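There are 2 protein chains.
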Amino acid sequence: MNSLDWIAVDWGTSHLRVWAILDGRVVAHAQSDRGMGILSRPQYEQALLDLVHDWLPDADTTLVVACGMIGSRQGWVEAPYRAVPCMPQGTTLAHAPTVDKRLNVVVISGLKQSMPADVMRGEETQIAGFLALNPGWDGVICLPGTHSKWVHISADEVVSFQTYLTGELFQILSDHSILRHGMAGWDEAGFADGLAQGLERPERLSSRLFSLRAEGLLNDLAPATARARLSGMLIGAEVAAAKPYWLGQRVAVLGDSALADLYARALASFSVPVTRHDVADATLAGLSAARAAYLKQDQPCEN
Amino acid sequence: MNSLDWIAVDWGTSHLRVWAILDGRVVAHAQSDRGMGILSRPQYEQALLDLVHDWLPDADTTLVVACGMIGSRQGWVEAPYRAVPCMPQGTTLAHAPTVDKRLNVVVISGLKQSMPADVMRGEETQIAGFLALNPGWDGVICLPGTHSKWVHISADEVVSFQTYLTGELFQILSDHSILRHGMAGWDEAGFADGLAQGLERPERLSSRLFSLRAEGLLNDLAPATARARLSGMLIGAEVAAAKPYWLGQRVAVLGDSALADLYARALASFSVPVTRHDVADATLAGLSAARAAYLKQDQPCEN
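Heads up: the protein sequence lines correspond to chains A and B, in order. The first sequence begins at 1 in the numbering used here and counts up by one. The second sequence begins at 1 in the numbering used here and counts up by one.
With the rest of the complex left out, here is chain A (with noise of 0.2 Å):
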């Protein structure tokens, strides 16, 4: 590789994404399945080594801006949350120690909720590079994902944010629970119908759950139904009991996966205006926009 300006990196529990940046574009892209949960803290450099050292020009610094778990407590360094309500980024940034003179790596803070208690990293970037691209937008935004979030933002602040354990419940009842003897594919039906019931009784999901094994034995309910049904209910439960933070708004949609597509249908069911909106450009514009924040307060002023 010729030459870049700076390296973005996405680095959450179970992912490590790199791009390499000249003149504001992706001129190069790696990832790798190290993420957090299998690093410990001496490993960190190398992990991202490993990536990127063929990129690094030999007698300079270049700076590298990250945002994720890798910025916890367990991470590389630990980059203290902000508290809403705030701009989804500060100014300031936490500097990871490296051995190679070649790094320069800054990590970039999540956000805390103290009441009810709540935190994010990585969604915050994401947040603000949606904002970044979509300046001056009101209204709340969506992230599906293992631990989906519901952030509602108003004049260029996160006002409040809610997470969801849906995707992970979803994960531990498939492999881990009775319904683990009949699950298996998908069938489009069988979500609708888990939708429906999960919207309208949200406060009926650890009964309907056993209803669905009782099922499978009396009327030998198909394992992609049942599949399907569970995923319906969780998120349609989801969708119910986040209606104080999509009622009245326009809700964004953070997302092209399956995954995102199933929250859609779940708010267009109930008429919300929803758009959709691809999540490596929203990380990438809002790891943009952490770098021209850091470069602005580290370079002072000399005029």
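The hints are simulated quantities; they were obtained by calculation from the structure and are not laboratory data. No false leads were slipped in.
Output of the computed footprint for chain A on chain B, the stretches with three or more beta carbons under 8 Å from beta carbons of chain A:
no.: 1; stretch: 114-125
no.: 2; stretch: 161-168
no.: 3; stretch: 203-211
no.: 4; stretch: 236-242
Pair by pair, the computed Cβ-Cβ distance ranges are:
no.: 5; chain 1: B; residue 1: A189; chain 2: A; residue 2: L49; range: 45 to 55 Å
no.: 6; chain 1: A; residue 1: H181; chain 2: B; residue 2: H29; range: 30 to 40 Å
no.: 7; chain 1: B; residue 1: K243; chain 2: A; residue 2: E157; range: 33 to 43 Å
no.: 8; chain 1: B; residue 1: A292; chain 2: A; residue 2: S14; range: 53 to 63 Å
no.: 9; chain 1: B; residue 1: S257; chain 2: A; residue 2: A155; range: 48 to 58 Å
Beyond 12 Å from chain B on every Cβ pair, some chain A residues (computed):
no.: 10; residue: R25
no.: 11; residue: L56
no.: 12; residue: T91
no.: 13; residue: A184
no.: 14; residue: W186
no.: 15; residue: P223
no.: 16; residue: L267
no.: 17; residue: S269
no.: 18; residue: H277
Here the structure is a predicted model, which means the values were calculated and not measured. Note that beta-carbon positions come from the ideal geometry of N, C-alpha and C, so glycine has one too.
Position chain B against the provided structure of chain A, taking the given hints into account.
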């Protein structure tokens, strides 16, 4: 051992309990962890004999009356479900195939409900025993456990019932979710907090779960508080959802476990009239009632 009339057996997924009965009284008891979950069909007879072979008179056949998952399709012999509304026990029992001539093993059928789909195996015997011990009782029976059940009883019949996955949810969240990092011990105040949350807003379960994690990160929530609060949230959400069962009814909680205490406390917070009853007593009374029905049917009237 000198003598016995018959053997009562409670055989679930993870346990096997046997009682030798003479003149209506328990004269011996044994148990093992050789539940249905770890046995294949040819192994059942030996698992039973390992506990009872010393009890069996050589010259005679001993009646063994069993309830529980042993009667499921994957059990020793399938005892077809009976459909509610119906009496908790019927007159037909399934004969399990045996090689040892000293054994005559019969298995009690479970109950099924078509809408919403639900099943029970074992609890029907506890219910029958409870009703034998409390003749003419009407109301709602609550059976706490891994899959807790609420059962509406009227005129000696099971009118309807509902199973909740609450106990299993607690287990898999404690063992396999992100919450596993901060869960240990027990704290009464934490249970009371979680119970209030679950009762008040059962539909918020999925977001409250993540809040537990966030409070651990932000406020160093004690693991004992987190674990008790999780239990309270789940039981509270169940009791709230089961309101159509207990509202305006008296409730008999079957169980002397710590878990049964928690259910009784949750119900007491709504001033529901609650009585507590011993499960082993109810199980034995139910097995005894099944034996009496079997003897009556098997030995035609002689006058």
